[in-house]
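Following the hints, position chain B against chain A.
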Amino acid sequence: MMASSYNAKEEDGHPPSGSSHGGAGAVKSKKPDNTAFKQQRLPAWQPILTAGTVLPAFFVIGLIFIPIGIGLYVTSNNIKEFEVDYTGVDIDRPCYSCAMNFSWNSTTPCLCSVEFTLQQPFESNVFMYYGLSNFYQNHRRYVKSRDDSQLNGDRSSLTNPSKECEPYRTSDGLPIAPCGAIANSLFNDTLELYHIDSNGTRNAIPLVKKGIAWWTDKHVKFRNPGGNNNLTAAFHGTAKPVNWRKPVYELDPLDNDNNGFINEDFIVWMRTAALPTFRKLYRIIQKKSSTTPTLPSGRYVLDITYNYPVLSFDGRKRMILSTISWMGGKNPFLGIAYITVGSICFFLGVVLLIIHHKYDTRNNSADIPS
Amino acid sequence: MTWRSPLALVRDYLQGQRAREKDLRNLVSNLPYEGLEKRKQPNRYFLSNAIKTTKYTLLFFIPMNLFEQFHRLANLYFVGLAILNFVPAVNAFQPDVALIPICVILSLTALKDAWEDFRRYQSDRKLNNTPCFIYSRKEKQFVQRRWKDVRVGDFVKVVYNEIIPADLLLLHTSDPSGVCLIETANLDGETNLKQRTVVSGLCNTSPEFEPESFNSIVVCEKPNNNLNHFKCYVEKPDKEKVGAGIESLLLRGCTVRNTDHAVGFVVYAGHETKSMLNNNGPRYKRSKLERKLNTDVIFCVILLFTMCLIGALGHFLWLQALPSVPPYLVPDSNGHLDSPSLSAFYMFFTMIILLQILIPISLYVSIELVKIGQIFFITNDADLYDDDTEVRMQCRALNITEDLGQIEYIFSDKTGTLTENKMVFRRCSIVGTEYPHKENAIRLALLAEVDLEEEVIFNQHPQPPQTSWSLDAEDTNSQDSHRRGSRCKSKVAASAQSDVAFSSPLETEVIPDRKLLQQISRAESSSRRKTDPYLDFFLALAICNTVVVSMATAQRRRVSVSPHAWQTNNALDTLSNVVKNAGCIFTSCWRKPKRNRTVSEGSALEDDSFQPPLKMTGTVNTNGIQTYSLHTPSQGDKPAATLDNLRYEAESPDEAALVYAAKAYGFTLLARTPDSVTVRLPSGEDLVFEVLDTLTFDSNRKRMSVLVRHPITKEYVLYTKGADSAIMELLGTPYAEHLMTRNIAADTQHHLDCYAKEGLRTLCITKKVVSDNVYESWLVDRQRALAAIDNREELIMDTAVQLEKNLSLLGATGIEDRLQENVPDTIMALREAGIQVWVLTGDKPETAVNIGYACRLLEKDDLVINMSCKNKLACTSILDCTLEEVRRYSQDPRNVDTTPDISLVIDGCTLTMAMSPDLQERFVDLAKRCRSVLCCRVTPLQKSRVVKVIREKLKVMTLAVGDGANDVNMIQAADVGIGISGQEGMQAVMASDFAISRFKHLKKLLLVHGHWCYTRLANMIIYFLYKNVAYVNLLFWYQFFCGFSATAMVDYWLMIFFNLFFTSVPPIMFGIMDRDVSAEMLLGVPELYRTGQGAGQYKFSTFWVSILDAFYQSLVCFFIPYLVYMDSDIGIFTFGTPLNTVSLFTILVHLSIEIKTWTVVHWVVMFGSVALYFIVTLAYSAICVTCNPPSNPYWILQNQMADPMFYLICIISTVVALLPRYMFHVLKNSIAPSPLVQARHLDRLDSSTKEQWIKEWRSFRGGGQVKRSRLSTPPSPTLENSVDINPETPTAAENMEDDFTLNVTSQRPVHT
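Protein chains in written order, with the UniProt record's numbering: chain A, 1 to 370; chain B, 1 to 1312.
No wet-lab data here; the hints were simulated from the structure. The C-beta atom is built at its ideal place from N, Cα and C for all residues, glycine as well. One should not assume that every hint holds.
[Stated by the list, open to error] If you only want the chain A side, here are some residues facing chain B, beta carbon under 7 Å, derived:
1. Asn34
2. Gln39
3. Gln40
4. Leu42
5. Thr50
6. Ala51
7. Arg140
8. Ser145
9. Pro167
10. Ser185
11. Arg279
12. Leu281
[What the hints assert, rightly or not] Derived list of chain A stretches under chain B, where covered just means 3 residues or more per stretch with a C-beta under 8 Å from a C-beta of chain B:
13. 43–49
14. 61–70
[Said to hold, decoys possible] Restricting the straight-line Cα-Cα distance to at most 27 Å, the calculated cross-link-like pairs of lysine-lysine (DSS-like) are:
15. Lys1255(B) <-> Lys1228(B)
16. Lys358(A) <-> Lys1250(B)
17. Lys38(A) <-> Lys1250(B)
Isolated chain A (complex conformation) (with noise of 0.2 Å):
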């Protein structure tokens, strides 16, 4: 009796766990997956930002920024620049009475030559800008101010240019080409360089006008309507912007390549600044050979047909010649910002061993049990 109750017990004690199982299997069970992701238990990388584990990050970072910092210190320092405003605020400037004078509507244009000299010859290509300063470009309003599809070469918006253009989309009825309030205020000095020899003479520096644009800009976003030939007819029925003085089909009549709107001075302009005071290239001058540096040093007179207006705006143009480094133009503000950075890593790192050696030894000799 006792023994087969006993052994009642025992096969009573196999059925449930069989019966629960196949409970499980038959009638999906709501127990929850036991997986590292849904209980939360994926394996994982802690790190604790501590003074001990952030050491390296310090030094490290100091010991790259640093050389860094140097070589950009250094580049930019070999970059040779030559600024020359010629806006002619002051009364004893040449082109004082050519900004005084300027109105838009002037058909005779004003000229003068500012002379300058350079103390040290410029190597390889020199790169010519013209700056404005407080010109904003960046003005909302101003920015909206164009119709790139017209620009693209897209022959309804030539005729029927966007509302964007507003006041600058008709002209007596006409619409304009190119649209806007940006191409209206189209940069239109020339400036012309020449060096003045030894025995006085002027010898005109040859300037390039090509390349001056992004290419994608030049062959992809900017197009002529219907080709770079017969531009005149293909922008027949447009009128010019209103401050312009000739129309976009005549901006470079001796190149077809660099006409109309691919002209690339006016795509360097439609190409609005980011900030109030821009240079925007102007012309490059090209390294003749080894031997000889491209600009030399000594005197240079600058020729300007002074169109562009800037009082307005108490703006200023400038002239720049520079030359160009892998980094673009001269500028020792990243060289200095990452030997600062750098030195204030390596000095934070020796900050942070001292309070590693006072305070995470204690630390770790507290949490982990030798």
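Chain B alone, transformed into the frame defined by chain A:
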């Protein structure tokens, strides 16, 4: 269809309105009007049974959904901005583009709503088309229709296992005694069967019900949502009124069980049914964090306005400073330029549009996503899953997960929450003699141990003795094995799927006390057996209850048995079979103890002596007329394992415990119908008592009685059981005068006090013999009360009180309610976590204090303040005194470090006084200083009031946890309500925000998930605000260089994408998955929970620090590129590209500083975001030749990426921007590490050393070891060191609503 004038229609509508609004409704049968057009129908004004829970209709979805969505202020704000963008004077972007974000958000939400609504529509349609039977006059029978065809006034037949389509007034059932059993699980989750009876005296008891003969008027009250209450009377043609209550109402959504078919009259249909009225969607709570977030969003708005104001002012000054009109100032189309002040005014609005993302549009959406993710993880936690009941943790409120991490006060119910609410009969006292049931106690202790090991599974089924094997062996065997399987399973999977609510051997088995058994056998054999108090005592235990008897094998066969088979096999028949087959019952009964390892010897000895004489005869008269007869002896050839088949389903677990106890002594409750109770005596006789009336329990009387007619003596006997306080006053005076009975009362009282000290729940059992003429006169009153419409409940109660007096005390019982597993441990942990735990219970102070010690709510060396006073004056002085003492103690310099652990025990009526407005402050102040508070004898309303007062006065986060209907108020009053899906139905769960199945789950829920959810969400929100400010400020700084003209230097699409795609996923993932400290650590060191309490991580200062950091970072991100590109030929959008990139890097690396745990998901998301940024931007820059003027990003990023400067800028800006924050973290973690950081350090150790450290940490912080203390050996209540300022013993009426929670109903005044 005849044409009707509009006026008539309107009138009809108004009449309908009025008919629905009336307090009483007169309903008549639809049958005479069958086939008539609608306006002739008498019940046309009442809603039909078709339901529609959808919010929208197909046609009006878009406008309605938009309307709904625009209730959100944020959406309105963004639409306003989008509209503002269409005003030419102020627009910042292309108008149509600016619509995109808001459209995306709106359409996503609309899509979600539409899908949800569609699902509702589908389920509605399914429900509406469910078939049901409606009586048709034409066809003279019940015909199959669909639910939606059911109308008020119809006769509906529901068959076995069918769901009831509408609220039906039960008129007829297949059961001859007019009973219908329903299961209300669909409604409230309670799985025990509820008994419904037909409205008496309406239908002649012919076997078939004829609806056409029904010509009475049913008058019922206006529909309400009270599931436990219904008022109605039926007016017969002869003006006789028959009252009916909830006991005759079949509720829509319930299932008919154990009854072949039932016919009811539809009183409420469709949306007016009680179940639909109870069905109000998910609750919407606002979490504390979200409330705080809203104030921060307001600060963001202020910040935005300030920035816009600066912009407008700057623009004005800039315009003023211009000497004349420059070429870059574009006039409007007429060539006219606005004056500076006007442009500045316009500029203000333009700036708002430009800087709008400072108010995070995506934050709210992100928070919702994060919470969904958090809930996913909480519900999927295997530790919060209860294997026994197969129930997962449920999150019912979707948006307060993070509140779980901030709880400061927990208010807990006792019964069913701290304890199992599985009642175990422990001791009893009969006529002044105590029977301690030592064997039973030993068995329980053993069982408890086994239970803890969770290894041995007890099989409580007796092995049918070989000797009694028989012809039916096969049958019985299969039955038995089937049952055994299910039983074993139900031991493992205790009660949720519960065939039977109280099924573990713990409750069902009681080992009889040896002395008591002898006493009974003596009584049995004695001559005055009819009036022997011992027999009466057990008869009372067996009879005086509302337990439903059912068969384990026969009940609820849902699919296996066809209704036809069941038809001939209803309860009574089965019972008669049972009786016929009876034999060897006691042999098998007494064999049960053999399963017990230690006690079997002792009880085996008694086997023989208690082998009852198997002399049984009889038939059960199926006509329903109860007779008593001796049954013919069964020859022992028919085994009677069937007696074990009996299952007792009780509304309250202690009733079941008492019935099982009676059964152990041989008084087996065999059957219960509304009119009769069959009890088998130890001698084997079956006594059939005619039940004359049942005076059900209510919380005012705190007792229940059953009036029966004794089959032998033919006396009217009233058995009453109830709380001792309610009973002791009612003891008859003649007995009181008599010295011996006085002693009985006194002795019993003494025993009761002992029981209470042991933590047992006590009940007194009394008997009263009612003389015939008293009964007759009482019956008249009673019937009048039953038929009454006005004050029906009060009258019924009065009649009950009338009868329940001059009782004679039979004895008392002590029932143990065992503590749930790990309760002391959980309470300790919660307390260490800085949470004050209050226990609010309806029990008496002694019981409560005892449980308090058992669950370590009170400690031995605690200072226990016992507050209990009768009047307010005393209460005031006690409060003052105590407060003064406590204050002095804490101010005493000697006690600086040794803060005493003060605990407060307060009873219900003192609590009421203490909570009165003038004493409230003092009480709260005192309670604040107490480590734990125990409130005894509190009513549900008091519970919620306590919660409210503490919550409002102390401004703390409160959590209420409870399992019964009496906790609903409290659960709803607290910030976080937690329901325990236990024994007492689902009302608490339905009202709760979270539902767990065991109290111990609270520990992980709060300490781990609460902490995680809170830190995650708090950090995510701070990060989100930071992110927006940091990004928007780039635009703001740029304004200083573009004449405050609201130029954006980043393409607008990229700006949208930046927030929508590039930087949205990492914070969401951060909010869902980050894990600052591991779960083991949080459980091991509950102290870590404190970081979330109070203001927690999301402080006001945190917000401002992160905003300042955002300012700094944006300054760096802007000015480093600015200084690099100063005076160069950089274009606007070429300049914007590195800014955007730097910002992305900064924002993402900032997040990675905040991320504490890097899993695969983190890496993928982080690198994915960066990759996505470059891929999308590169693709966009490559494709977009003339699109999206003016930004036109064509080839810009490509150009930039070819430039080494771009990378140099990105690297240094990111480093500089994040250096301070990084440094701050490093220094803080190194010099003054927070406990969380220390925990993270420990986390990295291997598990064994970790455990060791956790232990040391805890002991160092004074946590101490947590011992498991069990109730079986409770520490004696050490009241020696308590400040016992109350000499009076509590005499207030004992509150027993804990015992009978289901009966707590709100009593509505009746209007006629």
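For each hint, the structure was consulted:
With 7 Å as the threshold, the beta carbon of Asn34(A) comes within range of chain B, its nearest partner Cβ sitting at about 5 Å, so the hint holds. Against a cut-off of 7 Å between C-beta atoms, the interface hint on Gln39(A) holds, since the closest Cβ of chain B lies about 6 Å away. For Gln40(A), the interface hint holds, since its Cβ comes within 7 Å of a Cβ in chain B; the closest pair sits about 6 Å apart. The closest approach between the C-beta of Leu42(A) and any C-beta of chain B is roughly 4 Å, which is under the 7 Å cut-off, so the hint is satisfied.
The beta carbon of Thr50(A) is positioned within 7 Å of a beta carbon in chain B (closest approach about 5 Å), and the interface hint is therefore held. The criterion of a C-beta within 7 Å of any C-beta in chain B is met by Ala51(A), whose closest approach is roughly 4 Å, and the hint holds. Hint on Arg140(A) holds. Least Cβ distance to chain B is approximately 4 Å, under the 7 Å limit. A hinted interface residue such as Ser145(A) counts as satisfied when its beta carbon comes closer than 7 Å to some beta carbon of chain B; here the least separation is about 5 Å, so the hint holds.
Evaluation of the Pro167(A) hint against chain B yields a held restraint, the C-beta minimum of about 5 Å falling below 7 Å. Nearest Cβ of chain B to the Cβ of Ser185(A): about 4 Å, under the 7 Å cut. The hint holds. Interface hint status for Arg279(A): upheld, as the beta-carbon distance to the closest one in chain B is roughly 5 Å, under 7 Å. Interface hint status for Leu281(A): upheld, as the beta-carbon distance to the closest one in chain B is roughly 6 Å, under 7 Å.
Under the rule that three or more residues need a Cβ within less than 8 Å of chain B, the assignment of the stretch 43–49 of chain A holds, with 7 such residues. Given as covered by chain B, the stretch 61–70 of chain A passes the check, having 3 residues with a CB less than 8 Å from a CB of that chain where 3 are the minimum. Taking the CA atoms of Lys1255(B) and Lys1228(B), the gap is near 25 Å; set against the 27 Å cutoff, the hint holds. For the proposed pair Lys358(A) and Lys1250(B), the alpha carbon gap of about 24 Å is at most 27 Å, so the pair holds.
Between Lys38(A) and Lys1250(B), the direct Cα distance comes to roughly 24 Å. Compliance with the 27 Å bound is thereby established for this hinted pair.
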